[in-house]
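First to last, the protein sequences are chains A and B.
Our numbering applies: residue 45 is where the first sequence begins, and numbers increase by one.
Our numbering applies: residue 45 is where the second sequence begins, and numbers increase by one.
Take the hints with a grain of salt, since some may be wrong.
Since copy identity is lost for identical chains, a pair holds within one copy or between any two.
Below, simulated DSS-like cross-link-like pairs (lysine-lysine); rule was C-alpha separation at most 25 angstroms, straight line [claimed, not checked]:
| hint | residue 1 | residue 2 |
| --- | --- | --- |
| 1 | Lys55 | Lys85 |
| 2 | Lys79 | Lys122 |
| 3 | Lys105 | Lys79 |
In case anyone wonders, no lab produced these hints; they're calculated from the structure.
These figures come from a predicted structure and were not determined experimentally.
There are 2 protein chains.
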Amino acid sequence: MAIIVVEVMLKPEILDPQGVAVGAALPRLGFTFAKSVRQGKRFEIEVEGTPTAAQMADIEKAAATLLANPVIETYVVKVQA
Amino acid sequence: MAIIVVEVMLKPEILDPQGVAVGAALPRLGFTFAKSVRQGKRFEIEVEGTPTAAQMADIEKAAATLLANPVIETYVVKVQA
């Protein structure tokens, strides 16, 4: 059994209101470390056995069609150790 | 400049309706690789210079108070290469 992780973030040129809200809330709570914050999504997909090359290609396709919107988002597909 | 990544996922025993919805949508689109899907959040926090130990401790505290709800969620703090 393997876990495939798909990380989806808004492209840098797209406004990220959630990230801005978090970035504004941090100093109010006394945390001053952040210069900027971006918020994205993370999917953990459980796959039977070791993922094959065909499965990985399928997951890439699913990421581009269902998990992320490639017009405004970037995504990364990783196999979790 | 460093990017600190905070990954927030619902605890395994907590129902994840978003993940269930994605897991149900995949086979409808012809993707049959997934045994189960969990959805979580991902924060990219930009920090000036190299993060110090005190800053990392602060980010851990911020993750536990603002970014994640430790009652139902787990979080991981990482420095992105």
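How the hints compare with the structure:
For the homomeric pair Lys55 and Lys85, the shortest alpha-carbon distances inside one copy (13 angstroms) and between copies (16 angstroms) are both at most 25 angstroms. For the homomeric pair Lys79 and Lys122, the shortest alpha-carbon distance between copies (17 angstroms) is at most 25 angstroms, but the shortest distance inside one copy (27 angstroms) is not. For the identical chains of this complex, Lys105 and Lys79 are inter-copy neighbours only, at 17 angstroms across copies versus 34 angstroms inside a copy, given an alpha-carbon limit of 25 angstroms.
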